[in-house]
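Colleague: As given, the protein sequences belong to chains A and B, one line each in that order.
Its first residue numbered 0, the first sequence is counted upward by one per residue in numbering that gives the first Met the number 0.
Its first residue numbered 0, the second sequence is counted upward by one per residue in numbering that gives the first Met the number 0.
Heads up, a few of these hints could be off.
[To be verified] Quick list of simulated restraints, FRET-style, between CB atoms: (1) A/218 x B/20: 53 to 63 angstroms; (2) B/58 x A/172: 37 to 47 angstroms; (3) A/172 x B/56: 30 to 40 angstroms; (4) A/27 x B/109: 27 to 37 angstroms; (5) A/115 x B/198: 37 to 47 angstroms; (6) A/211 x B/9: 34 to 44 angstroms; (7) B/109 x A/34: 35 to 45 angstroms; (8) A/215 x B/9: 24 to 34 angstroms; (9) B/58 x A/210: 50 to 60 angstroms; (10) B/55 x A/160: 16 to 26 angstroms; (11) A/55 x B/126: 22 to 32 angstroms; (12) B/56 x A/38: 44 to 54 angstroms; (13) B/14 x A/55: 48 to 58 angstroms.
[Claimed, not checked] Covered, in the sense of this in silico footprint (three residues per stretch, anywhere, with C-beta under 8 angstroms from a C-beta of chain B), are these stretches of chain A: (14) 21-27; (15) 76-85; (16) 88-95.
I should point out that these hints are in silico values taken from the structure, not numbers from a laboratory.
No experiment lies behind these values; they were computed from the predicted model shown.
In this text, a Cβ means the ideal position worked out from N, Cα and C, and glycines have one as well.
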Amino acid sequence: MPQNSAGLVSKALAVYAKDLRLELRTHYAINAILMFGITTLAMVSFSLGQSGLQPQLLAALFWIIMFFSAMSGLAHVFVREEEANTALALKITADPDSIYVGKLLFNLTLMAAMTTIITPIFFIFTDAPTGNIALFLLVLLLGVVGLCSATTLVAAIIAKASVKGALFAVLSFPILMTLLLTLVNATDKVLQGRGIGQVSAEVQFLVAYAVIMITVSVLLFKFVWKE
Amino acid sequence: MNKLVVSGLSKHFGSRKVFSALDFELSSGESMAVTGPNGSGKSTLLMTLLALYRPTRGSVAYLEDDRPLDDDDIRTRVSFVSPYLNLYDHLSAEENLKFFATVAGGNVPGKDIDRLLARVGLEGRGCDLVAGYSSGMKQRLKYAVALLKKPAYLFLDEPTSNLDEAGKRLVTGIIEECRSESVIVIATNEQEEYTLAAKQCRLGQ
Numbered sequence: 000m001p002q003n004s005a006g007l008v009s010k011a012l013a014v015y016a017k018d019l020r021l022e023l024r025t026h027y028a029i030n031a032i033l034m035f036g037i038t039t040l041a042m043v044s045f046s047l048g049q050s051g052l053q054p055q056l057l058a059a060l061f062w063i064i065m066f067f068s069a070m071s072g073l074a075h076v077f078v079r080e081e082e083a084n085t086a087l088a089l090k091i092t093a094d095p096d097s098i099y100v101g102k103l104l105f106n107l108t109l110m111a112a113m114t115t116i117i118t119p120i121f122f123i124f125t126d127a128p129t130g131n132i133a134l135f136l137l138v139l140l141l142g143v144v145g146l147c148s149a150t151t152l153v154a155a156i157i158a159k160a161s162v163k164g165a166l167f168a169v170l171s172f173p174i175l176m177t178l179l180l181t182l183v184n185a186t187d188k189v190l191q192g193r194g195i196g197q198v199s200a201e202v203q204f205l206v207a208y209a210v211i212m213i214t215v216s217v218l219l220f221k222f223v224w225k226e
Numbered sequence: 000m001n002k003l004v005v006s007g008l009s010k011h012f013g014s015r016k017v018f019s020a021l022d023f024e025l026s027s028g029e030s031m032a033v034t035g036p037n038g039s040g041k042s043t044l045l046m047t048l049l050a051l052y053r054p055t056r057g058s059v060a061y062l063e064d065d066r067p068l069d070d071d072d073i074r075t076r077v078s079f080v081s082p083y084l085n086l087y088d089h090l091s092a093e094e095n096l097k098f099f100a101t102v103a104g105g106n107v108p109g110k111d112i113d114r115l116l117a118r119v120g121l122e123g124r125g126c127d128l129v130a131g132y133s134s135g136m137k138q139r140l141k142y143a144v145a146l147l148k149k150p151a152y153l154f155l156d157e158p159t160s161n162l163d164e165a166g167k168r169l170v171t172g173i174i175e176e177c178r179s180e181s182v183i184v185i186a187t188n189e190q191e192e193y194t195l196a197a198k199q200c201r202l203g204q
């Protein structure tokens with residue numbers, strides 16, 4: 000096989016493209032995430048109605064839906080490799096950094112697709128105030144990156160366990176708690192129409208959280224993945 | 000010249016001892032059959048040699064001209080075929096080959112993929128999803144993946160499992176092809192496969 004200078008990026012993109020292709024053919028993860036997200040959203044909106052809920056309550060509901068939707072689907076990226084016994088071929092062939100980056104990109108795509116569908120429906124069903132839309136999208140983007148960066152590593156840890164679903168939520172929750180509290184706080188302020196000056200502390204935390212989580216995950220992944 | 004140097008290698012799962020204090024050294028052109036009854040640790044030994052299991056004691060070293068290889072170097076030189084190793088069912092054979100070539104840091108032109116598939120007897124089936132393959136065809140495809148690179152170290156676990164007579168001849172041919180330049184380790188229970196290797200390491204005694 001002729002060797003080229005394929006670096007981390009092209010190898011990670013190959014892992015990403017492979018996972019995306021498998022997902023488009025099987026719909027394992029996206030169906031789980033969307034079904035959970037939409038049914039939860041429907042239950043929340045039907046039970047509460049468009050009754051002018053406080054922004055703080057709306058922000059909490061929104062991120063609860065996002066959190067549990069993520070829990071229902073983001074682990075698939077590694078669980079599928081273990082259950083299909085394909086992890087062994089991947090371990091022998093690919094370097095851990097490119098696997099982690101490829102899997103993270105795939106989870107980001109999955110969450111982005113889910114968010115694109117869930118968010119407009121949430122605003123329509125709950126009649127939530129739109130507030131500062133640009134700032135809301137920034138918080139949303141940082142929230143999705145934070146959720147995916149932390150849960151992708153946890154997904155690799157739980158993939159070999161026998162009770163994967165429960166373990167994924169249990170291990171993820173402590174890591175994600177500070178992220179979720181910050182996201183609820185930031186979303187509350189944004190829905191109230193406050194500007195970037197009043198949300199800057201939360202935005203800084205969210206950026207720092209994503210950077211730290213991705214860095215720590217890249218450093219730890221090879222140990223989690225190997226045995 | 001490539002070498003595989005195993006010193007005092009032991010593997011325990013909890014209190015159960017799988018194998019202990021194994022010492023051997025293999026150089027390019029040398030081959031070894033790992034034999035023993037079911038459960039004697041043949042597959043575990045291969046997984047430990049491949050650094051997929053951490054040894055309880057002892058060490059495994061991969062050397063090239065007496066220089067130790069790191070994990071990245073080892074990955075580019077090792078090929079492994081095993082019943083426990085599956086390829087992606089929802090990708091075609093060509094997509095599997097392209098994927099494994101890319102993540103290994105190389106690229107494979109289309110004509111090389113066709114040549115590889117023909118080599119393992121899968122010509123004309125490259126565009127089919129692997130899910131539709133029989134177990135023997137899947138085993139043949141694993142050999143195509145193993146031959147994406149010219150392996151300096153070739154590890155085969157139950158090399159002819161699920162294969163028909165033509166498939167068994169194919170495996171013998173691949174081993175003969177790699178014999179002069181590769182370190183070959185074969186884990187098997189089949190008496191006829193013992194002769195594929197010059198040395199023997201019997202476990203479970």
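Colleague: Confirm or reject each hint.
Modeller: Going through the hints against the structure:
Checked against the given bound of 53 to 63 angstroms, the beta carbons of residue 218 of chain A and residue 20 of chain B, roughly 34 angstroms apart, lie outside it. At about 40 angstroms, the CB distance of residue 58 of chain B to residue 172 of chain A agrees with the hint of 37 to 47 angstroms. Checked against the hint of 30 to 40 angstroms, the C-beta distance between residue 172 of chain A and residue 56 of chain B comes to roughly 38 angstroms, which is consistent with it. Between residue 27 of chain A and residue 109 of chain B, the C-beta spacing of about 30 angstroms keeps the proposed range 27 to 37 angstroms intact.
The supplied range of 37 to 47 angstroms is broken by residue 115 of chain A and residue 198 of chain B, whose beta-carbon atoms lie about 60 angstroms from each other. A beta carbon spacing of about 39 angstroms between residue 211 of chain A and residue 9 of chain B agrees with the range 34 to 44 angstroms that was offered as a hint. Residue 109 of chain B and residue 34 of chain A have their C-beta atoms about 39 angstroms apart, which keeps the hinted 35 to 45 angstroms range intact. Our hint of 24 to 34 angstroms for residue 215 of chain A and residue 9 of chain B holds, since their Cβ atoms are close to 33 angstroms apart.
For the pair residue 58 of chain B and residue 210 of chain A, the supplied restraint of 50 to 60 angstroms is violated, since their beta-carbon distance comes to about 37 angstroms. Roughly 22 angstroms separates the CB atoms of residue 55 of chain B and residue 160 of chain A, a value that falls within the hinted 16 to 26 angstroms. Separation of residue 55 of chain A from residue 126 of chain B is about 55 angstroms and departs from the stated range, judged on CB atoms against 22 to 32 angstroms. Judged by the Cβ atoms, the range 44 to 54 angstroms given for residue 56 of chain B and residue 38 of chain A holds: they are separated by roughly 53 angstroms.
Restraint check, residue 14 of chain B to residue 55 of chain A: a C-beta distance of roughly 55 angstroms satisfies the suggested window 48 to 58 angstroms. Here the stretch 21-27 of chain A counts 3 residues with a CB under 8 angstroms from a CB of chain B, which clears the bar of 3, and the coverage holds. Counting residues of the stretch 76-85 of chain A whose beta carbon lies closer than 8 angstroms to any beta carbon of chain B gives 3, which meets the minimum of three for the stated coverage. A stretch counts as covered by a chain when three or more of its residues have a beta carbon under 8 angstroms from one of that chain; for the stretch 88-95 of chain A and chain B the count is 7, and the coverage holds.
In this structure, the hints that do not hold are numbers 1, 5, 9, 11, in rising order.
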